[in-house]
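> So the protein lines, in turn, are chains A and B. Numbers 1 to 333, taken from the UniProt record's numbering, label the letters of the first sequence in order. Numbers 1 to 320, taken from the UniProt record's numbering, label the letters of the second sequence in order.
Hints listed in this document are in silico derivations from the structure and should not be mistaken for laboratory results. Any given hint might turn out to be false.
Simulated crosslink set (DSS-like; lysine-lysine; CA at most 27 Å straight-line) [to be verified]: (1) K45/B to K68/B; (2) K166/B to K189/B; (3) K214/A to K101/B; (4) K146/A to K127/B; (5) K101/B to K127/B; (6) K185/A to K102/B; (7) K127/B to K214/A; (8) K146/A to K177/B; (9) K185/A to K101/B; (10) K102/B to K264/B; (11) K168/B to K113/A; (12) K98/B to K61/B; (13) K303/B to K265/B; (14) K265/B to K146/A; (15) K166/B to K113/A; (16) K213/B to K146/A; (17) K146/A to K79/A; (18) K194/A to K244/A; (19) K146/A to K242/B; (20) K101/B to K189/A; (21) K214/A to K97/B; (22) K249/B to K264/B; (23) K168/B to K146/A; (24) K185/A to K45/B; (25) K189/A to K146/A.
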Amino acid sequence: IQEPAKQNMATLKVSSHVPSPSEDAEQLKSAFDDLTFDFCEGWGTNEDLIISILAHRSAEQRKLIRQTYHEACGEDLLKTLDKELTSDFERAILLWTLEPGERDALLANEATKRWTSSNQVLMEVACTRTSTQLLHARQAYHARYKKSIEEDVAHHTTGDFRKLLVSLVSSYRYEGDEVNMTLAKQEAKLIHEKIKDKHYSDEDVIRILSTRSKAQINATFNRYQDEHGEEILKSLEEGDEDDKFLGLLRSTIQCLTRPELYFVDVLRSAINKTGTDEGALTRIVTTRAEIDLKVIGEEYQRRNSIPLEKAITKDTRGDYEKMLVALLGEDDA
Amino acid sequence: MAHTLDLESIVNAFSGKNVGMGVDEKALISTLGNSHKDHRKLFRKASKGFFEEDEERAFEKCHDQFVKHLKLEFSRFNNAVVMWSMHPWERDARVVKKALKKGDECYSLIVEVACTRSSDDLLGARKAYHSLFDQSMEEDIASNIHGSRRKLLVGLVSAYRYEGNKVKDDLAKSDAKILAEAVASPGEKAIENDEVVRILSTRSKLHLQQLYKHFNQIKGSDLLAGVSDSSLLNDALLCLLKPSVYFSKILNASLNKDADKGTKKWLTRVFVTRADHSDEMKEIAEEYNQRYGETLAQNIQEKIRGNYRDFLLTLLSKSN
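So that you can see chain B by itself, here it is in the shape it has in the complex (with noise of 0.2 Å):
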């Protein structure tokens, strides 16, 4: 009972809001760990941020919040070892039922696995489905979603593309033509374009990079710099054509302290879809660096604590 209460070790163990995510569990286990009741009752009421004095019980009441979040940091770990060691195919099956249930906002997730995993993992992703949900996952995304995103969206999970290198020049430079008239049409939206869903939805991603070529060529501008009014419709262009930008992209947003708590989750989801693919991840961490001036190791380093920030880093050192 000599040692006394080490209170900002401890808070900083757990993670908030300027502390990172994920949860330090060593630090936990020698502090909190090692305390006498009597350092916790101080340490609690000591933490106003976590607890609440319940004067006329006589307790620090836990707030609910705490709780909450505590869960959500300690769950990191685990989250991300039981979606490793699943089956990718059973993975990206369960991130699409997850997308659809969500909505709107997590939509995207959906043109992600479509758009940049193989063939036959998309394949793959979509017998899981069947294995796992009874039904077809084109025909959950097609009756939870409606208008021009359900045709694009269902387009795209339906691909089976050709994965050889054969290219016709002359096509893709039709299909860029098509485009480029697609995207400068005021008012109406390019998602909506039947010809625009054929393009992105039907030929081989070899066949895109050329289209991307002419496109360029055409318009003088950058296919890849928006587009389109449809967030959609910009992310399968990008998870299309430069999938590791899209994800770098993605993994600055989630490493951003302000990140909100669906955002801070597709760290996991990145590293853990991505990290079996050592050349991608290799690529991406590349493209990371590149971007945003330091290494993906480091910002790990830097704002994730624990046995998840060890995991992540294991991941990543598998591509080098």
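Chain A on its own, in the form it takes in the complex (with noise of 0.2 Å):
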């Protein structure tokens, strides 16, 4: 079940007057047909064809052209778009193009493959993603590999990383609003201590945050802003910028909190890298832009004096360009 995009927050924009998932097939297939000679590219398929159709569809619509194209062409839409694309257009268009619980259970998977203790992800999908959402990565997960996200996770991370992240990926978090504020008081004293000892892998910090509900966990960091003056991400500021733990843990309580604020931060990282990093871009743009890309792009231009669309124009080109611009709903489609 799809969860309804929110409107104000996402960028994807589809047109009123869509066509059948028939005739999007259709289109599709004379797209990877077109012999199209571009004096730059050679002979090739019409890459902004394919983008004006599958950049400006939902998920549900993806998932019936999807359907569609393998009933009237007996392939898989994405393995033909595997042979006939490259690298990070290809990329864009493959995370794009799978169903979203599909398309985090591919994520984690990778993560786990060549799992460092920089990488992110894993916490990335397992945080920023509502208790439905994980579940469908979950159950994609099966399906695709055999085998549980959490025997992986738990496989291949060691230590530290692995208890938190562990934790993290099988949570199933209540959804409600409820906040119990004794609660939230006793364990925002409980947190203070532990970080105050440096204890960031404490057995109760883990707890709490794998399995409190988010707004339960917003209440406690309120709490404890309210007692000690300063935001729980001020304090952990003081710890070794070395200490990968340390930042994951950062990153873990600014997913659960404030997520458009850790996405811009990824964004910024990988922008600005020399050679932009195109994984984490092309990750964030196709996973957000049906969620709160939105408000991303408007916090990215608050905090970086730039528009999104602008910084991501500027460090990329091709196709690749061209697809994550219609995904931020800035084509002319």
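Join the two chains, each given in its own frame, into one complex according to the hints.
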């Protein structure tokens, strides 16, 4: 079940007159067959057509197109895309076309296979999705990889990272708004004591972050700020910069309380790196376009004095750039 | 008023120490229900175990214990029916909540729910928990239990195990080695070993079956022979690998005439929560028969009475 995009936060633009899935599938087929000769890129696929269709369809619509294409052409759309497209652009289309649950499962699986202590993707998937979305990811993981996400995470990570990450991906948080203020006070105090002594991977800290509802966690950290005069993230800044676990902990808290700020940080370092980190850029644009990319974009501009779209177009080119811009809702389609 | 009072029948209709569980409602209706008030006075005077003579005020007072006992025995059928009518997810959520409230001795019930239900049923219980108690099952468990038991229990209830038929034998083998080392280490309790918790709370049941085979080969001893000091860990292993053995042991304990109040309640729980899964119930009954010589049905017939008995036997017959 696809969660309805919060219309005012997503950037995805879908026109009111959407062709039928079979019309779209036809068009896509012709895009692959199109022998337009481009002086720069030679014979090839009509990427513009692909973007103009796929980048302007919702997840449910993309699912139908994929089904119809398969029925009509006898091949999985993604397989065709894999054959016809190249690297960054292909990756963007692949991630975009997958259903959100499958997408998250793929991202999680890749993250476990090449896990390092700087990799925050597992935490990102576990903490920025709703309980239902995370559940879909876990179900898709079973189907695709014939294992559970938690067993793979447990198997590929170690020590404190494992404790935190397994708990985070296994959570099924209560999603109500009820908050227990007494509990928030107690747990804010507990967290304060632990981090004062630099016990970042303390059992109770992990317990609180991985089992409490997001509403409860927010209340706890608000309480923390009231009591101690500074935000939790500020308190955690005083740690060792090279402490990767501390970094993960900070990002976890950020994802649970202000995810858009986390995404802005990741985007900023992805774009400013000499040589853009396309992986992170693609991941964030494709996973948030239907959720809260608008809010992220606004926050990005506020903090960097340049619109997100501009920062992206400065650093990317070709069909990859066009795809991202389309997902940002900034193309002319 | 002509008929004499069949005191023995009446006393037997209520249950007591040697008379099993439940109440023989039919017998009570025909004897006590039919009785004249003078007969009942005779009954009260003669039943010193139930009533106490208050000579000063000239009446026979009911022992508190008797009242409590009766209420419990009368409500067995009641509780079974209420539990049976509930959605399985709600049932399981309530079992876990109750276990948490009761404390230590009941934590094995959490293991039971986490390890013997299918992945989707366990997930369902977690959803029901949100709905019933406005919090997640794992947060409630985590905030009420500490130390190594917390890690194991939170891990077990959070699992969403793969249920397909793919198993990687080499992984099962290496996990078996890890487990073998963990239970061999003197002093250190296996339950505190993070690897043990990882294996038990994330691997699929099929993987664990494969692991079990390898373990027994490596160690030359049975993993299920109670390898750990932790009964919780042993229960988890049994529930994951041989749930019918686990359930038949529990049933046997609950049917024992020396069983305490709490243990007797297990009978209702096992029947009501397993009866919908006729394959499993069948296996449990067969295992019980093999282990204890009598059939489950026979034992219930002998030791339980009234509507409660009839209800249990009906649930049991669903699996045949």
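> State for each hint whether it applies.
Evaluation of the provided hints:
no., hint, in the structure
1, K45/B to K68/B, "holds (20 Å)"
2, K166/B to K189/B, "violated (31 Å)"
3, K214/A to K101/B, "holds (25 Å)"
4, K146/A to K127/B, "holds (24 Å)"
5, K101/B to K127/B, "holds (19 Å)"
6, K185/A to K102/B, "holds (26 Å)"
7, K127/B to K214/A, "holds (16 Å)"
8, K146/A to K177/B, "holds (23 Å)"
9, K185/A to K101/B, "holds (23 Å)"
10, K102/B to K264/B, "holds (16 Å)"
11, K168/B to K113/A, "holds (16 Å)"
12, K98/B to K61/B, "violated (34 Å)"
13, K303/B to K265/B, "holds (14 Å)"
14, K265/B to K146/A, "violated (39 Å)"
15, K166/B to K113/A, "holds (19 Å)"
16, K213/B to K146/A, "holds (21 Å)"
17, K146/A to K79/A, "holds (20 Å)"
18, K194/A to K244/A, "holds (18 Å)"
19, K146/A to K242/B, "holds (23 Å)"
20, K101/B to K189/A, "holds (25 Å)"
21, K214/A to K97/B, "holds (22 Å)"
22, K249/B to K264/B, "holds (13 Å)"
23, K168/B to K146/A, "holds (10 Å)"
24, K185/A to K45/B, "violated (60 Å)"
25, K189/A to K146/A, "violated (42 Å)"
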